[in-house]
Amino acid sequence: MIGLVVRRVAWALVVIWFAITLTFVLTAAVPADPTHALLGPHATPETTARAKAHYCLDEGLVVRYGCWLEGVVQGDLGESYRTRRPVADILGDRIGPTMQLAFAAILIQLLVGVPLGILAAIRRGRWPDRACNLVTLLAQSAPSFVVGTIALYVLAFKLGWFPLSGYGVGGLDRLHHLILPATTLAAAGIAFYARVVRSELVEALSEDYVRTARAKGLPESTVVLRHALRNALGPLVTLIGLDLGVLLGGTVIVESIFAWPGLGREVVQAIVDVDLPLILGTVLVTSIAIAIANLVTDLVLLWLDPRLRERR
Amino acid sequence: MTHRGAVVGAILVGLLLVIALLGPHLAGHDPIARDIDRGLSAMGAPLGPSVDALLGTDHLGRDVWARLISGAGTSLWIAGLATLLALVIGLAVGLSAGYAGGWVDGVLMRGVDLVLSFPFLLLAILLAALLREAGLASSTAPVILTLAAVGWTTMARVIRGKAMTIARAEHVTAARALGASPLRIIVRHILPNVAGIVVVIALLGLAQALLAEAALSFLGLGPPPPAASWGRMLFEGRAYYRTSPHLVVAPGIAILVAVVAFNLLGEGLRDLLDPKERR
Numbered sequence: 035m036i037g038l039v040v041r042r043v044a045w046a047l048v049v050i051w052f053a054i055t056l057t058f059v060l061t062a063a064v065p066a067d068p069t070h071a072l073l074g075p076h077a078t079p080e081t082t083a084r085a086k087a088h089y090c091l092d093e094g095l096v097v098r099y100g101c102w103l104e105g106v107v108q109g110d111l112g113e114s115y116r117t118r119r120p121v122a123d124i125l126g127d128r129i130g131p132t133m134q135l136a137f138a139a140i141l142i143q144l145l146v147g148v149p150l151g152i153l154a155a156i157r158r159g160r161w162p163d164r165a166c167n168l169v170t171l172l173a174q175s176a177p178s179f180v181v182g183t184i185a186l187y188v189l190a191f192k193l194g195w196f197p198l199s200g201y202g203v204g205g206l207d208r209l210h211h212l213i214l215p216a217t218t219l220a221a222a223g224i225a226f227y228a229r230v231v232r233s234e235l236v237e238a239l240s241e242d243y244v245r246t247a248r249a250k251g252l253p254e255s256t257v258v259l260r261h262a263l264r265n266a267l268g269p270l271v272t273l274i275g276l277d278l279g280v281l282l283g284g285t286v287i288v289e290s291i292f293a294w295p296g297l298g299r300e301v302v303q304a305i306v307d308v309d310l311p312l313i314l315g316t317v318l319v320t321s322i323a324i325a326i327a328n329l330v331t332d333l334v335l336l337w338l339d340p341r342l343r344e345r346r
Numbered sequence: 147m148t149h150r151g152a153v154v155g156a157i158l159v160g161l162l163l164v165i166a167l168l169g170p171h172l173a174g175h176d177p178i179a180r181d182i183d184r185g186l187s188a189m190g191a192p193l194g195p196s197v198d199a200l201l202g203t204d205h206l207g208r209d210v211w212a213r214l215i216s217g218a219g220t221s222l223w224i225a226g227l228a229t230l231l232a233l234v235i236g237l238a239v240g241l242s243a244g245y246a247g248g249w250v251d252g253v254l255m256r257g258v259d260l261v262l263s264f265p266f267l268l269l270a271i272l273l274a275a276l277l278r279e280a281g282l283a284s285s286t287a288p289v290i291l292t293l294a295a296v297g298w299t300t301m302a303r304v305i306r307g308k309a310m311t312i313a314r315a316e317h318v319t320a321a322r323a324l325g326a327s328p329l330r331i332i333v334r335h336i337l338p339n340v341a342g343i344v345v346v347i348a349l350l351g352l353a354q355a356l357l358a359e360a361a362l363s364f365l366g367l368g369p370p371p372p373a374a375s376w377g378r379m380l381f382e383g384r385a386y387y388r389t390s391p392h393l394v395v396a397p398g399i400a401i402l403v404a405v406v407a408f409n410l411l412g413e414g415l416r417d418l419l420d421p422k423e424r425r
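Respectively, the protein sequence lines represent chains A and B.
Every letter in the first sequence is one number past the one before it in my numbering, and letter 5, counting from 1, is 39.
Every letter in the second sequence is one number past the one before it in my numbering, and letter 235, counting from 1, is 381.
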């Protein structure tokens with residue numbers, strides 16, 4: 035058990051190291067000289083040399099890698115080319131709103147997707163199942179930027195039920211601003227959760243222990259919710275863990291539609307400005323967040339499902 | 147039910163291919179010709195749908211219908227090529243891992259895990275931005291390479307799983323006993339058996355690639371202007387969504403229909419190949 039935990043933690047560290055290294059390799063592979071973007075066309079050779087020394091640009095690849103690694107470990111991700119602010123500070127400001135959005139989306143996916151999946155499973159083959167199937171197909175195929183823009187046009191602009199964009203001030207206002215972006219972000223996930231719960235539940239409902247539970251005379255709701263649904267929990271926990279990665283990627287689009295002041299909007303602006311340190315920093319922070327989320331997921335699964343502990 | 151889905155999907159996919167191939171003949175207008183005189187209102191705003199322009203015009207007075215049609219070609223071409231590239235990598239990695247097993251499998255699959263542990267869209271954005279920096283901005287190559295680079299992982303995983311069971315099958319053992327080389331075994335005895343699942347994941351992968359291409363274009367990292375791709379149309383139309391929602395709705399629906407079509411066909415075929423999958 036402890037060995038397993040240690041292995042999972044070690045793997046998470048490998049993933050984080052890989053993320054740091056890959057971002058370095060990708061920047062090193064780009065021939066562009068960052069001092070141009072950093073200092074502008076009127077830089078003197080002196081300042082250029084100083085900037086190069088500061089970012090270890092005049093050294094060989096190995097030294098630069100060491101420099102980058104050292105910086106990252108100390109929380110120094112360089113400065114944004116555009117605003118000259120330390121990238122770590124910018125990310126610190128932006129990660130909060132993005133996390134709110136991602137967690138709100140997960141909550142919506144659970145609250146809508148799981149009941150949909152249960153409904154489809156217990157009415158299998160009949161119209162609720164088919165309707166659910168159609169809805170999930172559409173939700174999975176609809177790109178978030180289309181859902182988002184149309185929701186924005188109809189619900190916010192035409193009907194005026196929601197604010198057009200922004201972050202909101204204070205609890206209720208924040209919630210009001212959060213609903214549309216979070217639902218847009220959750221749309222595909224709702225479909226995915228519903229499908230997984232449906233197929234797990236359908237499988238569980240044909241098991242012997244479910245027949246036993248029914249034979250004991252337990253009410254159908256107890257059979258479904260207390261006995262069969264438990265088996266769908268494992269895959270669901272895995273999904274939630276994996277989802278964080280999908281959602282953090284998805285926020286890039288949703289945030290730029292709804293002007294939500296998070297990491298995603300920041301990275302889009304960074305792309306427009308070719309602000310490499312900021313792009314790299316965002317990718318790095320996000321992949322670390324995902325590595326941690328995957329680690330937590332693995333540990334929760336180990337705790338939930340004793341069968342996993344016995345393997346190997 | 148599933149048969150019906152597959153048939154609907156096949157018809158839609160066929161229709162899309164016809165539109166993509168016959169594009170210029172169906173459009174009626176030039177997709178990239180700006181028409182300032184007739185394409186814009188007196189205030190300089192995009193026109194709504196009318197008899198002359200079926201789906202109205204965009205902010206440069208270009209015909210939206212013509213752009214939508216020519217965008218079908220661009221989007222399918224990019225997604226198709228990227229999927230093909232991803233499939234080649236996925237097949238190479240998946241088949242070798244599945245056939246060899248042992249440490250080869252361990253190393254390759256851990257590699258897949260590593261790439262998968264990155265947020266897909268962020269990795270795509272990073273790659274697209276870097277490839278543009280590297281001076282490839284004026285072609286569609288960055289988009290295609292990016293989509294392939296993030297798309298191969300799930301394919302490799304599925305193919306590896308399938309190849310693994312087949313590599314343990316008796317006909318493979320027999321071939322090995324007859325002295326067939328590993329390459330011959332993989333190509334002649336394993337590949338034909340994974341062909342079915344490969345078609346399925348290629349179709350589902352194509353749907354994902356279409357979505358991803360549109361997402362990248364939406365962020366301004368897609369194929370360069372003035373070419374029309376659906377994502378690029380959305381990107382350009384976004385600023386006008388309040389006054390001219392057709393600029394967003396038209397390409398949006400096109401993407402939705404195309405993705406649904408490939409998903410339906412892919413899932414339908416999967417259920418036909420493996421009836422156990424859907425109970």
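Source of the hints: derived by calculation from the structure; they are not laboratory data.
Accuracy of the hints is not assured; some may be wrong.
[Said to hold, decoys possible] Some but not every residue of chain B turned toward chain A, in silico, with C-beta under 7 angstroms:
1) Trp249
2) Val250
3) Ser263
4) Phe266
5) Pro328
6) Val333
7) Leu337
8) Pro371
9) Ala385
10) Tyr386
[Claimed, not checked] Computed spacing ranges between beta-carbons, pair by pair:
11) Arg150/B - Leu267/A: 41 to 49 angstroms
12) Ile235/B - Trp195/A: 31 to 39 angstroms
13) Arg334/B - Asp110/A: 53 to 61 angstroms
14) Gly248/B - Gly204/A: 12 to 20 angstroms
15) Val43/A - Gly248/B: 41 to 49 angstroms
16) Glu254/A - Val153/B: 47 to 55 angstroms
17) Asn339/B - Gly126/A: 51 to 59 angstroms
18) Thr256/A - Asp259/B: 49 to 57 angstroms
19) Gly126/A - Arg334/B: 53 to 61 angstroms
20) Arg264/A - Ile235/B: 47 to 55 angstroms
Beta carbons: idealized from backbone N, C-alpha and C, even for Gly.
Checked hints:
{"no.": "1", "hint": "Trp249", "verdict": "16 angstroms, violated"}
{"no.": "2", "hint": "Val250", "verdict": "19 angstroms, violated"}
{"no.": "3", "hint": "Ser263", "verdict": "5 angstroms, holds"}
{"no.": "4", "hint": "Phe266", "verdict": "5 angstroms, holds"}
{"no.": "5", "hint": "Pro328", "verdict": "28 angstroms, violated"}
{"no.": "6", "hint": "Val333", "verdict": "32 angstroms, violated"}
{"no.": "7", "hint": "Leu337", "verdict": "29 angstroms, violated"}
{"no.": "8", "hint": "Pro371", "verdict": "15 angstroms, violated"}
{"no.": "9", "hint": "Ala385", "verdict": "11 angstroms, violated"}
{"no.": "10", "hint": "Tyr386", "verdict": "11 angstroms, violated"}
{"no.": "11", "hint": "Arg150/B - Leu267/A: 41 to 49 angstroms", "verdict": "33 angstroms, violated"}
{"no.": "12", "hint": "Ile235/B - Trp195/A: 31 to 39 angstroms", "verdict": "46 angstroms, violated"}
{"no.": "13", "hint": "Arg334/B - Asp110/A: 53 to 61 angstroms", "verdict": "55 angstroms, holds"}
{"no.": "14", "hint": "Gly248/B - Gly204/A: 12 to 20 angstroms", "verdict": "59 angstroms, violated"}
{"no.": "15", "hint": "Val43/A - Gly248/B: 41 to 49 angstroms", "verdict": "25 angstroms, violated"}
{"no.": "16", "hint": "Glu254/A - Val153/B: 47 to 55 angstroms", "verdict": "36 angstroms, violated"}
{"no.": "17", "hint": "Asn339/B - Gly126/A: 51 to 59 angstroms", "verdict": "52 angstroms, holds"}
{"no.": "18", "hint": "Thr256/A - Asp259/B: 49 to 57 angstroms", "verdict": "39 angstroms, violated"}
{"no.": "19", "hint": "Gly126/A - Arg334/B: 53 to 61 angstroms", "verdict": "57 angstroms, holds"}
{"no.": "20", "hint": "Arg264/A - Ile235/B: 47 to 55 angstroms", "verdict": "39 angstroms, violated"}
Of the numbered hints listed earlier, those contradicted by the structure are 1, 2, 5, 6, 7, 8, 9, 10, 11, 12, 14, 15, 16, 18 and 20.
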